[in-house]
Amino acid sequence: MSSRIAQIRLVSSHPEVYEPCDDSFALVDALLADRTNLLEHHPKLCMEVGCGSGYVITSLALMLGQNALGVQYLATDINPHSVRVTSETLEAHGVHADLICTDIASGLEKRMARLVDVMVVNPPYVPTPEDEVGRQGIASSWAGGENGRTVIDKILPIADNLLSDKGWLYMVTLTANNPSQICLQMRERGYAARIVVQRSTEEESLHVIKFWRDADIQVEEKETVLMNKTVPARAMEYLLSQYPQASLW
Amino acid sequence: MRLLTHNMLSSNIKGVTSGFPLRLEVEKVVEKQVDFNADFLNNMFVKIEWKALVDASRAMGYADLPDQTEPSMLDSDEFLKKFHHALLELHLEEGALICPETGRRFPVNKGIPNMLLHEDEV
Ligand SMILES: C[S@@+](CC[C@H](N)C(=O)[O-])C[C@H]1O[C@@H](n2cnc3c(N)ncnc32)[C@H](O)[C@@H]1O
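Residue numbers (our numbering), protein chains in the order written: chain A, 1 to 249; chain B, 1001 to 1122.
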């Protein structure tokens, strides 16, 4: 089966909208690498937070198919230009996603809790002064505050709330974001993690991490909490033993 | 914006307790055909607030959804086709969503609702 992704020449643009870059390509490559699993996963609702040009959500829709297979797509961005550009990109490829201009998933959290089967995020992850976060326009594409974590740390609990029992989250992180600590925090919420794609350039090292709810972790965690309070240290050891790459961080 | 999304969306203004459903202010509706998938509808049925969907589809000029439902209706192709049309094929292209509690208007332009809040609403 051919696996189509968005074509750069059909991706719409605007001076205030993030163009597909290495991080966007890494995320789409991660989705492609996991495509067989994604198809077997039979997601009903897929969502992107921070869709920018629409390159990623369009690629996902092309990869997994539309409603003939019973999949619906939703994407948000805080930048009004981005959602407009995303709608043009989707249309140029003949696919559809509902779009909302909002902060992360504000307005969706009550009714969409536990309904999202696949969430993809390429967040603003560049370490910047805190006051650059959430500014209007293109700056909000990358400005991530201290360690690049300000927006990421807001997204994680929201993702946890929106993801269905079988939900998967794919997120781009930079080494400066301290991805092992992110995995650890997600582990405390009951998620297992795996690195799907790792890319290193001279300046930065990108990881696309996949998270999923792991029933074993939650049980284990509850018991541990009852016994003593050293969960983080134990979880960290577990994580490092499970993912040899983690030692590179 | 389709009514699937409308059914998932609440007013996000700080302090609002019953922000659902958002009332529709309809200027322009477009219809786009979508492949029918009974599985998706069966799966979504329990998650949809039926009255919100009925009211919203009426505001958009589609009056064929029954007021009351029961699970056995899912066996009827005729019912599923109507549910499909209301949920996935009607798009609010221009208009607004109105917070049921405060009356705050969230504009919908080119099919995209803008839920961004002013500083004093967060
Ligand atoms: C690194 S860009 C990624 C764009 C696109 N997904 C891609 O991969 O090419 C991050 C995007 O997140 C958006 N964004 C930043 N903060 C956000 C927030 N609080 N809520 C929703 N979107 C946000 C930005 O506007 C930008 O489009």
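In short, the hints are calculated from the structure, not lab data.
Ideal Cβ positions, reconstructed from N, Cα and C, are used throughout, including at glycine.
It cannot be assumed that every hint is accurate.
[As the list claims (entries may be wrong)] Using 16 Å as the maximum straight-line C-alpha spacing, the simulated EDC-like pairs for lysine to aspartate or glutamate come out as follows: (1) Lys166/A to Glu88/A; (2) Lys1082/B to Glu1025/B; (3) Lys154/A to Glu130/A; (4) Lys1028/B to Asp1067/B; (5) Lys1028/B to Glu1070/B; (6) Lys1047/B to Glu1078/B; (7) Lys1047/B to Asp117/A; (8) Lys1051/B to Asp1039/B; (9) Lys110/A to Asp160/A; (10) Lys1082/B to Asp1035/B; (11) Lys1081/B to Glu1031/B; (12) Lys1110/B to Glu1025/B; (13) Lys1110/B to Glu203/A; (14) Lys1032/B to Glu91/A; (15) Lys1110/B to Asp160/A; (16) Lys1032/B to Glu1094/B; (17) Lys1014/B to Glu91/A; (18) Lys1082/B to Glu1101/B; (19) Lys1081/B to Glu1101/B; (20) Lys1014/B to Asp117/A; (21) Lys1014/B to Glu1101/B; (22) Lys1032/B to Glu1101/B; (23) Lys1047/B to Asp165/A; (24) Lys1082/B to Glu1031/B; (25) Lys1082/B to Glu1094/B; (26) Lys110/A to Glu1049/B; (27) Lys44/A to Asp1039/B; (28) Lys44/A to Asp1064/B; (29) Lys1082/B to Asp1055/B; (30) Lys1110/B to Asp1055/B; (31) Lys1047/B to Glu109/A.
[To be verified] Only part of the chain A face toward chain B is listed, based on derived beta-carbon distances under 7 Å: (32) Leu10; (33) Leu108; (34) Arg111.
A quick look at each hint next to the structure:
1. About 31 Å separates the Cα atoms of Lys166/A and Glu88/A, which puts this hinted pair outside 16 Å; it is violated.
2. Of the supplied pair hints, the one linking Lys1082/B and Glu1025/B is violated, its CA atoms being roughly 22 Å apart against a limit of 16 Å.
3. With a CA separation close to 14 Å, the supplied pair Lys154/A and Glu130/A stays within the 16 Å bound.
4. Our distance criterion of 16 Å between C-alpha atoms is broken by Lys1028/B and Asp1067/B, whose separation comes to about 24 Å.
5. Taking the CA atoms of Lys1028/B and Glu1070/B, the gap is about 32 Å. The hint is violated against a cut of 16 Å.
6. With a CA separation close to 20 Å, the supplied pair Lys1047/B and Glu1078/B exceeds the 16 Å bound.
7. This hinted pair checks out: Lys1047/B and Asp117/A have alpha carbons roughly 14 Å apart, not beyond 16 Å.
8. Distance check on the hinted pair: Lys1051/B and Asp1039/B sit about 21 Å apart at the alpha-carbon level, beyond 16 Å; violated.
9. Proposed proximity of Lys110/A and Asp160/A is supported: the alpha carbons are some 13 Å apart, at most 16 Å.
10. For the given pair, Lys1082/B sits about 13 Å from Asp1035/B by alpha-carbon distance, which is consistent with the 16 Å threshold.
11. Between Lys1081/B and Glu1031/B, the direct Cα distance comes to roughly 14 Å. Compliance with the 16 Å bound is thereby established for this hinted pair.
12. Among the hinted pairs, Lys1110/B with Glu1025/B is consistent with the structure: their alpha-carbon atoms are about 14 Å apart, no more than 16 Å.
13. Taken as a hint, the Lys1110/B and Glu203/A pair is broken in the structure, with Cα atoms around 39 Å apart against an allowance of 16 Å.
14. Of the pairs offered as hints, the one joining Lys1032/B and Glu91/A holds, with about 12 Å between alpha carbons and a cut-off of 16 Å not exceeded.
15. The hinted pair formed by Lys1110/B and Asp160/A fails the criterion: a straight-line CA distance of about 30 Å is larger than 16 Å.
16. Among the hinted pairs, Lys1032/B with Glu1094/B is consistent with the structure: their alpha-carbon atoms are about 15 Å apart, no more than 16 Å.
17. Proposed proximity of Lys1014/B and Glu91/A is contradicted: the alpha carbons are some 34 Å apart, above 16 Å.
18. A C-alpha spacing of about 30 Å is found between Lys1082/B and Glu1101/B, which places the hinted pair above 16 Å, so the restraint is violated.
19. Our distance criterion of 16 Å between C-alpha atoms is broken by Lys1081/B and Glu1101/B, whose separation comes to about 33 Å.
20. Between Lys1014/B and Asp117/A, the direct Cα distance comes to roughly 28 Å. Violation of the 16 Å bound is thereby established for this hinted pair.
21. Between Lys1014/B and Glu1101/B, the direct Cα distance comes to roughly 11 Å. Compliance with the 16 Å bound is thereby established for this hinted pair.
22. The straight-line distance between the Cα atoms of Lys1032/B and Glu1101/B is roughly 31 Å, outside the 16 Å bound, and the hint therefore fails.
23. Between the alpha carbons of Lys1047/B and Asp165/A the distance comes to roughly 15 Å, so the proposed pair stays at or under 16 Å and holds.
24. The hinted pair formed by Lys1082/B and Glu1031/B meets the criterion: a straight-line CA distance of about 13 Å does not exceed 16 Å.
25. Among the hinted pairs, Lys1082/B with Glu1094/B is inconsistent with the structure: their alpha-carbon atoms are about 23 Å apart, more than 16 Å.
26. Distance hint between Lys110/A and Glu1049/B is fulfilled; the C-alpha atoms sit about 12 Å from each other, no more than 16 Å.
27. Using a Cα cut-off of 16 Å, the hinted pair Lys44/A and Asp1039/B holds, with the two alpha carbons roughly 9 Å apart.
28. Distance check on the hinted pair: Lys44/A and Asp1064/B sit about 25 Å apart at the alpha-carbon level, beyond 16 Å; violated.
29. Only pairs whose Cα atoms come within 16 Å are accepted, and Lys1082/B paired with Asp1055/B is accepted, the gap being roughly 14 Å.
30. With a C-alpha separation of about 22 Å, the suggested pairing of Lys1110/B with Asp1055/B is violated against the 16 Å cut-off.
31. For the proposed pair Lys1047/B and Glu109/A, the alpha carbon gap of about 14 Å is at most 16 Å, so the pair holds.
32. For Leu10/A, the suggested interface contact is broken, since its CB lies about 18 Å from the closest CB of chain B, more than 7 Å.
33. For Leu108/A, the suggested interface contact is upheld, since its CB lies about 6 Å from the closest CB of chain B, less than 7 Å.
34. Of the supplied interface hints, the one on Arg111/A holds, with its beta-carbon coming within about 5 Å of a beta-carbon of chain B, less than 7 Å.
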